Amino acid sequence: MASQRRVSGYLRGGTWFVATAGHSPCRLCGTANGITELTDGKYFVWPEGLAHYIDAHNVRLPDEITELMNQPPAPVDVEAFERDVLDTEQIVIDTAWWLSVRGSQSRTRSQP
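Here the sequence shown is numbered in our numbering, starting from 872 and rising by one per residue.
Just so you know, these hints were derived from the structure itself, not from any lab.
It should be emphasised that the depicted structure is a prediction, and the values quoted were computed from it without experimental measurement.
Warning: the hint list may mix true and false statements.
Claimed, not checked - Computed Cβ-Cβ distance ranges for the label pairs, DEER-style:
id, residue 1, residue 2, range
1, 926, 966, 17 to 23 Å
2, 931, 892, 29 to 35 Å
3, 926, 906, 16 to 22 Å
4, 964, 934, 18 to 24 Å
5, 884, 933, 18 to 24 Å
6, 892, 949, 17 to 23 Å
7, 926, 950, 27 to 33 Å
8, 893, 939, 26 to 32 Å
9, 951, 883, 19 to 25 Å
Glycine included, each C-beta is placed from N, C-alpha and C at the ideal position.
Required output: the full structure, derived from the provided sequences and hints.
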């Protein structure tokens, strides 16, 4: 699907924002799924492994998000992004969608 490839490409093209000390496993198949959070510097911060869910498990992000992913993200000045967004507490973290993720083409895996 062209739209899924476009979204996956957008996600893979983000700028590294923060990193952790260990890999995050895929919640659906257990694959090591990256250690960083990426950003487009404009709209989103997302886990490095989010593209894996789209590519391997056919997960679809909400339309209101994917509609903003028409052009590849430009490089981000991370220090300016942190100063402009995080220090002003303008970032909103919505975990409701993420917790509801279910793959349509993956093996079932019990939740920890």
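Hints, one by one, checked against the model:
1. 926 x 966: 17 to 23 Å: 22 Å, holds
2. 931 x 892: 29 to 35 Å: 31 Å, holds
3. 926 x 906: 16 to 22 Å: Holds - the Cβ-Cβ distance for residue 926 and residue 906, about 18 Å, lies within 16 to 22 Å.
4. 964 x 934: 18 to 24 Å: 20 Å, holds
5. 884 x 933: 18 to 24 Å: The hint (18 to 24 Å, Cβ to Cβ) holds, given that residue 884 and residue 933 are roughly 19 Å apart.
6. 892 x 949: 17 to 23 Å: 19 Å, holds
7. 926 x 950: 27 to 33 Å: With a Cβ separation near 31 Å, residue 926 and residue 950 satisfy 27 to 33 Å, so the hint holds.
8. 893 x 939: 26 to 32 Å: 30 Å, holds
9. 951 x 883: 19 to 25 Å: 22 Å, holds
No hint from the list above goes unmet by this structure.
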